[in-house]
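Asks: What follows is the residue order along each chain.
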Amino acid sequence: MLTLHPTTVRFDATPWPDVVRIAVERSTPRLVLDRADAGPHPTFADAPEVTTTITVTSDVPRGDPAAPIPGDRGLLAFVSAPAATSAARHHACTAVVTRVAYASSPRSGAVRTVELVALSSDGAADPISTTPAEHA
Amino acid sequence: MPSTFKGLSLFAGPHRFARAKRGRLVLPNLSLGNDVAGSVDLGAIEVDIVVTGRLVASSEAGLRALRDAMTGAIDDPPDADTPGELVDSADHAEPDMTFITYVEADRTDRGRDRSIAYVATFRRFLPAP
Numbered sequence: 012m013l014t015l016h017p018t019t020v021r022f023d024a025t026p027w028p029d030v031v032r033i034a035v036e037r038s039t040p041r042l043v044l045d046r047a048d049a050g051p052h053p054t055f056a057d058a059p060e061v062t063t064t065i066t067v068t069s070d071v072p073r074g075d076p077a078a079p080i081p082g083d084r085g086l087l088a089f090v091s092a093p094a095a096t097s098a099a100r101h102h103a104c105t106a107v108v109t110r111v112a113y114a115s116s117p118r119s120g121a122v123r124t125v126e127l128v129a130l131s132s133d134g135a136a137d138p139i140s141t142t143p144a145e146h147a
Numbered sequence: 114m115p116s117t118f119k120g121l122s123l124f125a126g127p128h129r130f131a132r133a134k135r136g137r138l139v140l141p142n143l144s145l146g147n148d149v150a151g152s153v154d155l156g157a158i159e160v161d162i163v164v165t166g167r168l169v170a171s172s173e174a175g176l177r178a179l180r181d182a183m184t185g186a187i188d189d190p191p192d193a194d195t196p197g198e199l200v201d202s203a204d205h206a207e208p209d210m211t212f213i214t215y216v217e218a219d220r221t222d223r224g225r226d227r228s229i230a231y232v233a234t235f236r237r238f239l240p241a242p
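Residue numbers (the numbering used here), protein chains in the order written: chain A, 12 to 147; chain B, 114 to 242.
Since the hints were made in silico from the structure, they are not lab data.
Incorrect hints may have been included.
[Claimed, not checked] Partial selection, computed: residues in chain B whose CB lies under 10 Å from chain A:
1) P127
2) H128
3) R129
4) A133
5) A203
6) Y215
7) R225
[What the hints assert, rightly or not] Just some of the chain B residues that point at chain A, by a computed CB distance under 8 Å:
8) D201
9) D222
10) S228
11) R237
[Claimed, not checked] Label pairs and their in silico Cβ distance ranges:
12) R21(A) to G175(B): 34 to 44 Å
13) A49(A) to P208(B): 34 to 44 Å
14) R177(B) to R37(A): 20 to 30 Å
15) S140(A) to R135(B): 31 to 41 Å
16) R177(B) to H16(A): 43 to 53 Å
17) T142(A) to G224(B): 40 to 50 Å
18) S172(B) to R37(A): 22 to 32 Å
Where is the CB? At the ideal position from N, CA and C, for every residue including glycine.
Could you put together the complete structure from these sequences and hints?
Replies: Pasting the structure below:
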């Protein structure tokens, strides 16, 4: 899921301003892929382990003294569309910061990228909860 | 054609058949207490067939039933020690096989399905001398 210009982004109750985009990506660190004796093609595939990674990219107009650091854990919450529209969705998850990086260019200015891994409450539940923004 | 052992479709999921080492059991004389060079041929190695596969079910209970069926085929009396026919997916039958070991992987995989990898070994014992 890719969200451009989300509103009201917060991490552990701290506002994260000027967020340009949030990417929620899912990958499997361990893929089960099995074949049978009948031929070369897999007959079974499953993803018994899934990692949900969130990348938050924001403009950094002035320094960044309160930047998160790897290991920080908190509730990441954001709205994926203008709250005045019916399509607005509130997303939330408990997440841990795994990387904080910066880049700058004459065209885009200074940009901060924070990578987080989302945590499930029990291992089975999806770590990202999504609700209509008006119910958030 | 489903693979079977004694007519039971135990292998519920992807699996592959392989033959283990074939040949003759040859031991050095020294290992038998004879202080001389050379070796002795003790006869043919027993035939082992190894089935490597994965039990797959849509629920925990379903997977438990498949695992119980596997272990039951080894443990359950009255015919656990009675050889039976092992048929692979190419419909090749090996007679007089005994299910001797069933080893599961270190974890149950819980993704879209519930599944667990296993290695099952079958042996055709040599006749008692």
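Asks: Confirm or reject each hint.
Replies: Checked hints:
no. : hint                           : in the structure
1   : P127                           : 4 Å, holds
2   : H128                           : 7 Å, holds
3   : R129                           : 5 Å, holds
4   : A133                           : 16 Å, violated
5   : A203                           : 7 Å, holds
6   : Y215                           : 17 Å, violated
7   : R225                           : 5 Å, holds
8   : D201                           : 7 Å, holds
9   : D222                           : 3 Å, holds
10  : S228                           : 6 Å, holds
11  : R237                           : 20 Å, violated
12  : R21(A) to G175(B): 34 to 44 Å  : 42 Å, holds
13  : A49(A) to P208(B): 34 to 44 Å  : 23 Å, violated
14  : R177(B) to R37(A): 20 to 30 Å  : 29 Å, holds
15  : S140(A) to R135(B): 31 to 41 Å : 58 Å, violated
16  : R177(B) to H16(A): 43 to 53 Å  : 49 Å, holds
17  : T142(A) to G224(B): 40 to 50 Å : 26 Å, violated
18  : S172(B) to R37(A): 22 to 32 Å  : 23 Å, holds
Hints 4, 6, 11, 13, 15 and 17, counting from the list given before, are not met by this structure.
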